[in-house]
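S.K.: What follows is each chain in one-letter form.
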Amino acid sequence: MFYLILGIIFGGIGSIFYKLAEEKMCNRLWINTISRLTIAFSISLYIIYKGSFQFNLKLLGVVLLGGISVFFGRWFFMRALKHGKVSISWIMLNLAVLIPVLASIFIWKEIPDAKKILGMCLIPVSLILLREKESIKCG
Amino acid sequence: MWLKLILPAFFLEGLLSISQKLIRELDLGESRNEYIFLYNIVAAIIGICFLIRTKKAPQKKDVFIGSIIGLMFCFGAFFCLQAVLELPGIIYFPVTSVGSILWVTFLSRLIWKEKLRKTQICGLLLACVSLILLTT
Numbered sequence: 528m529f530y531l532i533l534g535i536i537f538g539g540i541g542s543i544f545y546k547l548a549e550e551k552m553c554n555r556l557w558i559n560t561i562s563r564l565t566i567a568f569s570i571s572l573y574i575i576y577k578g579s580f581q582f583n584l585k586l587l588g589v590v591l592l593g594g595i596s597v598f599f600g601r602w603f604f605m606r607a608l609k610h611g612k613v614s615i616s617w618i619m620l621n622l623a624v625l626i627p628v629l630a631s632i633f634i635w636k637e638i639p640d641a642k643k644i645l646g647m648c649l650i651p652v653s654l655i656l657l658r659e660k661e662s663i664k665c666g
Numbered sequence: 009m010w011l012k013l014i015l016p017a018f019f020l021e022g023l024l025s026i027s028q029k030l031i032r033e034l035d036l037g038e039s040r041n042e043y044i045f046l047y048n049i050v051a052a053i054i055g056i057c058f059l060i061r062t063k064k065a066p067q068k069k070d071v072f073i074g075s076i077i078g079l080m081f082c083f084g085a086f087f088c089l090q091a092v093l094e095l096p097g098i099i100y101f102p103v104t105s106v107g108s109i110l111w112v113t114f115l116s117r118l119i120w121k122e123k124l125r126k127t128q129i130c131g132l133l134l135a136c137v138s139l140i141l142l143t144t
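Just so you know, the protein sequences line up as chains A and B, in that order. Read in our numbering, the first sequence has 555 at position 28, and its numbers run on one by one without any break. Read in our numbering, the second sequence has 84 at position 76, and its numbers run on one by one without any break.
The shape of chain A in the complex, shown without the other chains (with noise of 0.2 angstroms):
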C-alpha cells in the first residue's frame, strides 16, 4: 500500500506542475517535448540495467499510436488548464477509461457485466456535470 501512495502522490504533483506550467506561461512544445524525453531517458536507464532490448515489428504500431496521442492529448491537456480548473481537467481525463472499455466490447468482443454497464453509463452523466461554465462576453 505504501508503494501506491507513492506512485498517487508522484503522479498527481506532475499533472500540478501541468498548471504551473502554463501559470509561468512556458512553452507547451517544450515542456512537452523535455518531460517525454526525461520519462525515456529514465527508462532507458532501466533498460540498460536489465541489460535486453526487444523489439518486435508488431511494437511499431503500437507505440505510433502511443507517442501521437501522449504527445497531443497533452497539448491539448496543457491548453484547457488555461481556461478551466486543473482538478476538472484532471478527472475528465482520467475518465477516458472508458474509451478502451467501449474498444473491448466493440474490437475484442468482451462481453462486460453489469457492473461495467453501470460504470459506463455513468461516466458520460458525470461528464456533463463536470463541464465547466463557459465565460460570456457581452457588449
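Hints listed in this document are in silico derivations from the structure and should not be mistaken for laboratory results. Please note that a few of the clues may not be correct.
Claimed, not checked - Simulated pairs of lysine-lysine, BS3-like, Cα-Cα distance not exceeding 25 angstroms:
no., chain 1, residue 1, chain 2, residue 2
1, B, Lys123, A, Lys660
2, A, Lys642, B, Lys29
3, B, Lys64, A, Lys609
Said to hold, decoys possible - Label-pair restraints from in silico Cβ distances:
no., chain 1, residue 1, chain 2, residue 2, range
4, A, Ile575, B, Ala65, 26 to 34 angstroms
5, A, Pro639, B, Ala65, 46 to 54 angstroms
6, B, Lys64, A, Leu629, 36 to 44 angstroms
7, B, Phe114, A, Tyr573, 24 to 32 angstroms
8, B, Pro16, A, Lys660, 14 to 22 angstroms
9, A, Ala641, B, Lys64, 50 to 58 angstroms
10, A, Lys551, B, Leu93, 33 to 41 angstroms
11, A, Glu637, B, Ile99, 29 to 37 angstroms
12, A, Met528, B, Lys12, 36 to 44 angstroms
13, B, Glu38, A, Ile655, 36 to 44 angstroms
14, A, Leu629, B, Gln67, 19 to 27 angstroms
15, A, Lys642, B, Ile56, 40 to 48 angstroms
16, A, Lys585, B, Leu11, 30 to 38 angstroms
Unchecked claim - To be clear about the criterion: a stretch of chain A counts as covered by chain B if any three or more of its residues have a C-beta under 8 angstroms from a C-beta of chain B, and this derived list gives those stretches:
no., segment
17, 531–541
18, 594–603
19, 624–634
Using N, Cα and C, we set each Cβ at its ideal position, and we do this for glycine too.
Given the coordinates of chain A, work out where chain B should sit on it, guided by the hints.
M.R.: What follows is chain B alone, placed relative to chain A:
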C-alpha cells in the same frame, strides 16, 4: 473554449489507453519497457519537429518544469509498478484511479483555492463510482 480543448485531450488519452491495451492483446507484455521508452521517444520526436519549425529556444523554466513533470510521472509509474506486484487488482486499480483524482482535487484546492460547484462535486462523486465499477 475549455470544453473544445478538453474533449480532444479526453479522446487522445483514451487512444493512449487503447495502445496500452494493445500491448496485452498482441501478446507484447515482454516488451512493455521498450513500449514506454519508444512511445515517449515518438512523442519527443514530434515535439522536436514542431520546435525546429518554430525555432524557439527553451527558457530555464521550460527545462526545469518539463524535467520535473517527466520525473514525477516516472517515479509515479515506478511506484505503481511496485504496488501492482504486491496488491490484488481489485484494490490496486480503483485506488489508483480514484486516489489520483482526489489527490489532484485536494492539491488544486490547497494551491489555487479551486472551488468546485455543487454539480461538479456530484460529477466528481459519480466519476469515482464509475471508475470503481469499471476497474473492479
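S.K.: Would the pair B:Lys123 and A:Lys660 pass a check requiring their Cα atoms to be no farther apart than 25 angstroms?
M.R.: Roughly 13 angstroms separates the two Cα atoms, so the pair holds.
S.K.: With the threshold set at 25 angstroms, check whether the alpha-carbon distance from A:Lys642 to B:Lys29 stays at or below it.
M.R.: Judged against 25 angstroms, a Cα distance of about 20 angstroms means the pair holds.
S.K.: Three residues minimum, CB to CB under 8 angstroms: does the segment 531–541 of chain A make the cut for coverage by chain B? Let me know.
M.R.: Coverage by chain B holds for the segment 531–541 of chain A (11 residues, Cβ < 8 angstroms).
S.K.: 26 to 34 angstroms was suggested as the range; check whether the CB atoms of A:Ile575 and B:Ala65 agree with it.
M.R.: About 30 angstroms separates the Cβ atoms of A:Ile575 and B:Ala65, which means 26 to 34 angstroms holds.
S.K.: State whether the coverage of the segment 624–634 of chain A by chain B holds or is violated, taking the criterion as 3 or more residues with Cβ-Cβ distances under 8 angstroms.
M.R.: n = 7 at 8 angstroms, threshold three: holds.
S.K.: Is it true that the C-beta distance of B:Lys64 to A:Leu629 lies inside 36 to 44 angstroms, as the hint says?
M.R.: holds (38 angstroms)
S.K.: Just to be sure I understand the hint, the distance between the Cβ atoms of A:Lys642 and B:Ile56 should be within 40 to 48 angstroms; is that true here?
M.R.: At roughly 44 angstroms between Cβ atoms, B:Ile56 and A:Lys642 fall inside 40 to 48 angstroms, so the hint holds.
S.K.: Between A:Met528 and B:Lys12, is the Cβ distance one that fits in 36 to 44 angstroms?
M.R.: This hint holds: roughly 39 angstroms between Cβ atoms.
S.K.: Go ahead and decide if the range 30 to 38 angstroms is satisfied by the Cβ distance of A:Lys585 to B:Leu11.
M.R.: About 36 angstroms separates the Cβ atoms of A:Lys585 and B:Leu11, which means 30 to 38 angstroms holds.
S.K.: Does the beta carbon distance between B:Pro16 and A:Lys660 stay inside 14 to 22 angstroms, or does it fall outside?
M.R.: holds (20 angstroms)
S.K.: For the hint 46 to 54 angstroms, verify it against the beta carbon of A:Pro639 and that of B:Ala65.
M.R.: At roughly 50 angstroms between Cβ atoms, B:Ala65 and A:Pro639 fall inside 46 to 54 angstroms, so the hint holds.
S.K.: Falls inside 24 to 32 angstroms, the C-beta gap from B:Phe114 to A:Tyr573?
M.R.: holds (30 angstroms)
Figure legend: structure checked against the earlier numbered hints; hints not met, in rising order: 11, 14.
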